[in-house]
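Colleague: For reference, the chains in residue letters:
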Amino acid sequence: MELRNKKVIVTGGVSGLGRSMVELFLSKGAAVTVFDLNAQGLDQLAQTHPTVVGFQCDLSDYDQVAATTARFHERFGAADVLVNNAGIIYSAPLVCLSPAGIVRHDVAMWRKVLDADLSSVFYTTLCVIEKMIATRTRGVVVNISSVSAAGNVGQSAYSAAKAGVNALTATWAKELGMMGIRVAAVAPGYSETGSTKSALSEPVLKEIVKRVPLRRLGKPEEIAQAVVAVVENDFFTGKVFEVDGGLVV
Amino acid sequence: MQEKVQTILVDVLHIPALQVRDSLAMKEVETWDSMRHMELVASIEQTFGIELTMDEIVSMISVGDIKRVLRGRGLEG
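Listed in order, the protein sequences are those of chains A and B. When you line the first sequence up against this note's numbering, it's residues 807 to 1055, in that order. When you line the second sequence up against this note's numbering, it's residues 1297 to 1373, in that order.
Okay, chain A solo, but in the shape it has when bound (with noise of 0.2 Å):
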């Protein structure tokens, strides 16, 4: 797909991977609009990128999604391309032992990640896939998924929730391809976000980067770049791409 003029919708744009990747559509001349929680977030991005369009919503609420892709195709039409980045880390492990006894992994944070991280796929992409289908756009939708989907020490809900958007691009690329709908995911290794950082203490990141083949974490740019060629290669769909710096080998 050529980028130019094509109106892409980035999840959680506002900061982090997503903002490299609203950066790097825009520079290749998409249009861009962001659906992030952050509403203050939104208001600077618009300051710094007049042309980026920001509505406020949180993703993991089912009918603020169908609202917002609602008034998102009032005013664009349909959109030519999806990437579901938003989502939240949180790391602990199932049980641990401490002076005060085993403590057992916070249920409520179980059901908040998998609200942020796979419901609110499926809600954007359900919203987002049935104005595509009814206007016959051929887009593309990326899933921002983690090597954590093979299994994380200390990350369950991560890992659940991350391997769940990796099943439903298997799911979607199958069923939509025949309408000519592309679905494919982007699996960052560690890479050098704020969230990455206040997920994980510096002595971790340090232990990781030693396990990582080219010694370092990823930067936001070069995932960005991933999800941009995913969206161009008209032949890649149904897959995850990993761009860990050898990480999962």
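Bear in mind the hints are in silico, worked out from the structure with no lab data behind them. Ideal Cβ placement from N, Cα and C applies to all residues, glycine included. Be a bit skeptical, because a hint or two may be false.
[Stated by the list, open to error] Sample of chain B residues at the chain A side, in silico, Cβ under 10 Å: (1) M1331; (2) V1337; (3) A1338; (4) S1339; (5) L1348; (6) T1349; (7) M1350; (8) I1353.
[Claimed, not checked] Take a look, some chain A residues computed to stay more than 10 Å from chain B by CB distance: (9) H855; (10) Q870; (11) I895; (12) A898; (13) S925; (14) G960; (15) A969; (16) K1045; (17) V1055.
[Stated by the list, open to error] Keeping only pairs whose Cα atoms sit at most 27 Å apart, straight-line, the calculated BS3-like set for lysine-lysine is: (18) B:K1323 with A:K937; (19) B:K1323 with A:K980; (20) B:K1300 with A:K980.
Chain A is fixed; fit chain B onto it per the hints.
Modeller: This is chain B only, laid out in the frame that chain A set:
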């Protein structure tokens, strides 16, 4: 056109050619569900080199309807 439509229906719905008649409706064929309908659309588009509109897609609820849509696109035979 009629022969090609028959071939598509047999291939996609896995029904015998003899069962294909204009009055055969989606609701009568167990395998003709919403997923298979999308497959039918894709096969028809590929075979005839056309892109169907949403109105045409939802109106194709019988073999006769499919042929009517295709005749509307100038495909005869």
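Colleague: Taking the hints in turn, state whether each one holds.
Modeller: Results of checking the hints against the structure:
With 10 Å as the threshold, the beta carbon of M1331 of chain B comes within range of chain A, its nearest partner Cβ sitting at about 7 Å, so the hint holds. With a least beta-carbon distance of about 8 Å to chain A, the hint placing V1337 of chain B at the interface is held under the 10 Å criterion. Taken as an interface hint, A1338 of chain B checks out: its beta carbon lies about 4 Å from the nearest beta carbon of chain A, inside 10 Å. Using the Cβ-Cβ criterion of 10 Å, the hint placing S1339 of chain B at the interface with chain A is satisfied: the shortest such distance is roughly 8 Å.
A hinted interface residue such as L1348 of chain B counts as satisfied when its beta carbon comes closer than 10 Å to some beta carbon of chain A; here the least separation is about 8 Å, so the hint holds. The interface hint given for T1349 of chain B is met, as the beta carbon of that residue sits about 7 Å from the closest beta carbon of chain A, less than 10 Å. The restraint placing M1350 of chain B at the interface with chain A holds, with a minimum CB-CB distance near 5 Å, inside the 10 Å limit. At its closest, the beta carbon of I1353 of chain B sits 9 Å from a beta carbon of chain A; the interface hint therefore holds under the 10 Å criterion.
Every C-beta of chain B lies more than 10 Å from that of H855 of chain A, the closest at about 34 Å, which supports listing it as non-interface. Taking the minimum C-beta to C-beta distance to chain B, about 26 Å, the non-interface status of Q870 of chain A holds against the 10 Å cut. The Cβ of I895 of chain A sits about 35 Å from the closest Cβ of chain B, beyond the 10 Å cut-off, so the non-interface label holds. Every beta carbon of chain B lies more than 10 Å from that of A898 of chain A, the smallest distance being close to 39 Å; the non-interface claim holds.
No beta-carbon of chain B comes within 10 Å of the beta-carbon of S925 of chain A; the shortest separation is about 23 Å. No beta-carbon of chain B comes within 10 Å of the beta-carbon of G960 of chain A; the shortest separation is about 39 Å. With 10 Å as the threshold on Cβ separation, the claim that A969 of chain A sits away from chain B holds: the shortest Cβ distance comes to roughly 24 Å. Distance to chain B confirms K1045 of chain A as a non-interface residue, since its nearest Cβ pair spans about 20 Å, more than 10 Å.
No beta-carbon of chain B is positioned within 10 Å of the beta-carbon of V1055 of chain A; the least distance is around 36 Å. Straight-line distance between C-alpha atoms of K1323 of chain B and K937 of chain A comes to about 25 Å, which keeps the hinted pair within the 27 Å bound. About 24 Å separates the Cα atoms of K1323 of chain B and K980 of chain A, which keeps this hinted pair within 27 Å; it holds. Note on K1300 of chain B and K980 of chain A: the hinted pairing holds, with a Cα-Cα distance of about 25 Å set against a maximum of 27 Å.
The structure agrees with every numbered hint stated previously.
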